[in-house]
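Whole structure, please, built from the sequences with the hints as guidance.
Take a look at the letters that make up each chain.
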Amino acid sequence: MRRILVVQTTRMGDMLQTSPLIRLLRRAHPKSHITVMIRKMSRSVAECIPGIDEIFIYDEDEIFKNLRSSDSERLLRAYEMVVDYVKRIQGGKYDVAYNCAQSIGSALLLKMAQVPIVIGAHYSADWQFILRGRWTNYLFTSLRHRMYSDFNLCDVFRNLAYDDSGIEQNLVSQEIDPLSFEIHEQHRQEARELLHKNGIADSAFLVAFQLGASEVQKRWPVHRFAGLARLLREKYDPAIVLLGVKDEAVLGQEFDQFYNLSTVKLFGQTTIPVLAAVLERANVLVTNDTGTMHIAAAVKCPTVVVSVGTVHFRETGPYGEGHCAIECAQQLKTGVFHSSEGVIGEEDRGVIKPEQVLKAVEVAINHTGQQGTIPDEEGLSNVVIHRSAFAPDGCLEWYPVILRPIEETDLLRMAYRAMWLDFLRRREGDQDREIQEINSIKRMLAHYLPAHEEILDNVVTKQNSAFRELEEMAREGMSLTEDLLHLLQANRFLDSQPIVKKLSQLDERIRLHGELNSWVKPLSASAAFERGSLEGSNPVLLAQTTWHIYEDLLVRAHLMQIKLRTIKNCIQPQA
Amino acid sequence: MKLAKEWLKDLSTVSPEPEILLERGRKGFLTAKVQNLYLHSRYDPNEEAQRLIDSAVLDNYRPVLVIGLGLGYHVLELLQRGFQVAVVEPSPFLAKVALESTLKDADFELGLGDAESIGSSLSFQRFVSEIPQVFVHPPTERLYPEFVSGIEKQVIANGVAKARLSIAVIGPMYGGSLPIAGYLERAFRKLGHRTLYIDNSVTWKLHQALTASIVSRRAGKQLTDHLVHLLGEWNYVRIMEFAPDICIVVAQAPVPPVFPARLRQHGILSAFWFIENWRHLDYWQSIAPLYDFFFHIQPGIFEKRLEEIGCRNHAFVQTACDPEIHRPVILSEEERNHYTCDISFAGAGYPNRKQFFSGLTDYDFKIWGINWDTPELQSCVQKPQTWFDSDKFAKIVAGSKINLNLHSSTTCDGIDPEADAINPRVFEIAACGGFQLCDPCKGIENLFDSSTELPIYHNLRELREYIDYFLAHPQERTVFAERARTRILKEHTYVHRAQQMLDLFMERHGKALLKKGIKIQRTVGEMINRVGRDSELAAYLKQLPQDLLFTYENIMQQLRSDNCQLSFPEAVFTYLRDLRTTAERLLEEPR
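Chains A and B are the protein sequences, given in the same order. Residues 1 to 575 in our numbering are what the first sequence lists, from first letter to last. Residues 1 to 591 in our numbering are what the second sequence lists, from first letter to last.
Simulated from the structure, these hints should not be mistaken for lab results. Source: prediction; values computed, not measured. Be aware that one or more of the hints could be misleading.
[Unchecked claim] Here are the simulated DSS-like cross-link-like pairs (lysine-lysine), alpha carbons at most 25 angstroms apart as the crow flies: (1) B:LYS104 / B:LYS9; (2) A:LYS87 / B:LYS542; (3) B:LYS190 / B:LYS542; (4) A:LYS65 / A:LYS40; (5) A:LYS65 / B:LYS515; (6) A:LYS265 / A:LYS246; (7) B:LYS383 / B:LYS354; (8) A:LYS501 / A:LYS521; (9) B:LYS516 / A:LYS65.
[Claimed, not checked] Covered by chain A, per the in silico footprint, the following chain B stretches (three or more residues, Cβ under 8 angstroms): (10) 216 to 228; (11) 323 to 329; (12) 369 to 380; (13) 546 to 560.
Where is the CB? At the ideal position from N, CA and C, for every residue including glycine.
What follows is the structure in structure tokens.
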């Protein structure tokens, strides 16, 4: 019996986002024993995810408090707590661990526990922090290319299985593994009673709002929610329920200042399972990027996420079919996705108007599995609305709802998606994959008005040319590294210095190339990150890894050219 | 104190105490009534015990000393919750009843008798050396308050007073008390405590630059006030991050009057060391009552004045010397040319000194320091006129055959008949091995024998006679200096002062420290014994400096920066470092 440990010691929402992976692991090994190692806050979610045999609670808070106490006994206690965790992991006799937390800490823990196979961040034999696995590497480097990053975290976690030799590769792409969350009848009953107690009949049109978020930067302003409530009232006369934790009740009070009709406030009044039951009952949830959003997606409540500030809905949005994301078009263009510098003010976060979100709500409510688009109109000119669905390639995709001409950014994102899937799932002669790729591209293209000739030409000439140059530089890097390896293997360390210098200069050229050609930057930045993250003291090993980095860069750059051509051919079929 | 079971035989012959009445409650539980006070609930003493222990909010991992056994329900509750428990009780009869009923076969240590005899037992001292949490059985406290306070004193004396504390010292920006603040912190560190010295002198240049660039004195004062306010906040944040048990503010340190109250909210005890002449500077009036302790250098009338303004916790703590700083030095040839003289004085040019020393200009006399502006003394004043550090001071002393000391005064010429603030120079010259002639100052006769260690002059004529005599008798100078130095090192170093301060704190505030709880500070060497010498952790700790305090910061500093082949303990500490760093970063992120 295969014993699997899934480490997910981040947030509650991340635990839910790991449920597709757990479902996949259960499919791959029906008789395996699956343990999840999680934080206390994720327990109530983990208990509702089918397929989990054991929950291992990891209490970091207690260790942290002991570390901050400036007390020798408590420092010793913190030490002993860690030793206990290591022993517990060792006692689990796991065959494989999936490190979805991807942190140095979790990698260290697994290393100390000597788990034989680790998928994800790990420590090497010589105690260097390494990112084991292609999709793990993608996850770490994806911060460098968020502009064109198109994969939901759920898909990334799922695809970690590609790096597990104990899983048949076909299984991953064979079937979609949605979010899993089981609601017991008792919780449904509790939810019903709670809603009844607050005057909401079973037949009422129920709209749920999640006003809060983990950070101010991710919040659509409360007064905008209130504006939306007024519009919904005119159209649907809904019962409105405000969700959130106890501390967010103050947002409910703020809401009342702008919306003078009664709402049902459930801040801190539900357990996670009962919250899920409420969401299952709701007709729609309008939310910021939060754990509530993931729960709603898991119970198939139509969800509209208002993506503001530092939110990147493609990565962290609701995983499932028929959900909507609305975002400011300007944000999309400038790629302001991950700024921790400065606070994004309420005015900027409030650019998206209630009437625009209402449009997204209507799309989410009326979705019946049909992929439709709506015509562009002046009132929507500054926003983009997307609807989620699983693409033929098996990963979640966001399809534009507002019919507009396709732009360079869109083409590049499609190309990057196809490239990464090809690169990371690479299997020779996989015709199914090629068919899936074409179908995915065509389906996406169907949501756009035809591209302008100029854009298509740009794709072929300017962009492809830049990728070609990058490919050449990568080839040069491989050649230099081969020369370096020969010298190092012959112990001619002094003679290797000029080559090391040339490699540094090449890296600088690659970096600059990315700065001058922004569509190439994701690849150049990823390569720079990988080069900068090299660890270890063995020069030969370092050189070998370097060679692979340039090889990967070459392959990716080459693939980008192919994908761009494929996309162009899909738009303009060859005679 | 011994195991409870071992007491049973001794207690078998104990007779009932007439004032203790045993009763059965409504549910059949045994309780006792003493002087109309029930020791336990008549209804459900077990439930009462649970509530009592819940409300005490005890740390599961720390031992508990229970004062007051009663019939043992609360002790049983503690034992069932897994606590390591020791109990002290004044009544042998109650102990007998408890051990024969509620606590039959229970495993804990028990001390019986009066507080002093319990306190003198080795097993009690060993138990309290771990700084246990103290749980006082409320009825026992009401019935036997002297026993309870006696035990608490024993815990303080044998536990808290011997524990390593965390102590912060806040120094001024500038002035005579600046080096003293540093000496004090070093002294606490030498005593084995974990210390923080907040050096505000780093901002002195900023202060000078600000004020020098402004013409308007009013504006300059406002800027100074702003700077002092900023420094006050800086000092506060640093104290909060260090989280000391005690914070000592040295005279002129830039902290606002509200400072001690802010610290008190976090359970931090505060003290102010007023190293000033209370007659010259009167800001003590507004701050002395605010601190948990007010230390000063002038006994007598000043103490009455302090009482009058409501300052109850005050104590006379003199300045001293730091033997590692104030020590005899050997001058090089070049230095000898520079420093050698018959008599010297090192210090600031107060009016009384300027007037008095003008009667010595016919000697080979060197004056060091600042504010010496009288024409008569210019032949003696060493230029340029600057402050001198302790190294230079030691050389001045080494170069002088005779070192003069004259206490400063702004109210009279020459010798101040009211002088009662013994200056640091008395101690520092002696520690540097110098021969000293000093003016009278209240209390100095208790420090030195004037006939064999430190001659005291009362007027100029007498001083000149002493100078002539001792210049002619170099061997006597040497003997006097040696004796004075021996005395100083034995009784008047900053380590002595630091310990004195701690003893005073324990006496007045030991209970507060006990209640708040002291962090346990062990050295690496002590931790090796603690974890077992054969353990993997001990093997790692043996590689580290043994007298290093086993704290997070110290251990992290010792971790290797490369990660090659980490041992298991190194891996665990690396993990702990990552955990704390990540968590603190998340806490700092804007929400």
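Each hint tested on the structure:
1. Simply put, LYS104 (chain B) and LYS9 (chain B) have alpha-carbon atoms about 13 angstroms apart, close enough for the 25 angstroms limit, and the pair holds.
2. A threshold of 25 angstroms between alpha carbons decides the hint, and for LYS87 (chain A) with LYS542 (chain B) the separation of about 24 angstroms falls inside it, so the pair holds.
3. For the hint linking LYS190 (chain B) to LYS542 (chain B), the alpha-carbon distance of about 22 angstroms falls within 25 angstroms, and the restraint holds.
4. Proposed proximity of LYS65 (chain A) and LYS40 (chain A) is supported: the alpha carbons are some 15 angstroms apart, at most 25 angstroms.
5. The straight-line distance between the Cα atoms of LYS65 (chain A) and LYS515 (chain B) is roughly 20 angstroms, inside the 25 angstroms bound, and the hint therefore holds.
6. For the hint pairing LYS265 (chain A) with LYS246 (chain A), the CA-to-CA distance comes to about 10 angstroms; that is within 25 angstroms, so the pair holds.
7. Our distance criterion of 25 angstroms between C-alpha atoms is met by LYS383 (chain B) and LYS354 (chain B), whose separation comes to about 16 angstroms.
8. Between LYS501 (chain A) and LYS521 (chain A), the direct Cα distance comes to roughly 23 angstroms. Compliance with the 25 angstroms bound is thereby established for this hinted pair.
9. The suggested pairing of LYS516 (chain B) with LYS65 (chain A) holds, with an alpha-carbon distance near 17 angstroms, which does not exceed 25 angstroms.
10. By the rule of at least three residues with a Cβ nearer than 8 angstroms to a Cβ of chain A, the coverage given for the region 216 to 228 of chain B is violated, with 0 such residues.
11. With a threshold of 8 angstroms between beta carbons, the proposed coverage of the region 323 to 329 of chain B by chain A is violated, since 0 of its residues qualify and at least three are required.
12. Check result for the region 369 to 380 of chain B against chain A: violated, 0 residues qualifying (beta carbon to beta carbon below 8 angstroms, three or more required).
13. Counting residues of the region 546 to 560 of chain B whose C-beta sits closer than 8 angstroms to any C-beta of chain A gives 5, which meets the bar of three, so the coverage hint holds.
The structure fails to meet hints 10, 11 and 12 from the earlier list, while all remaining hints are met.
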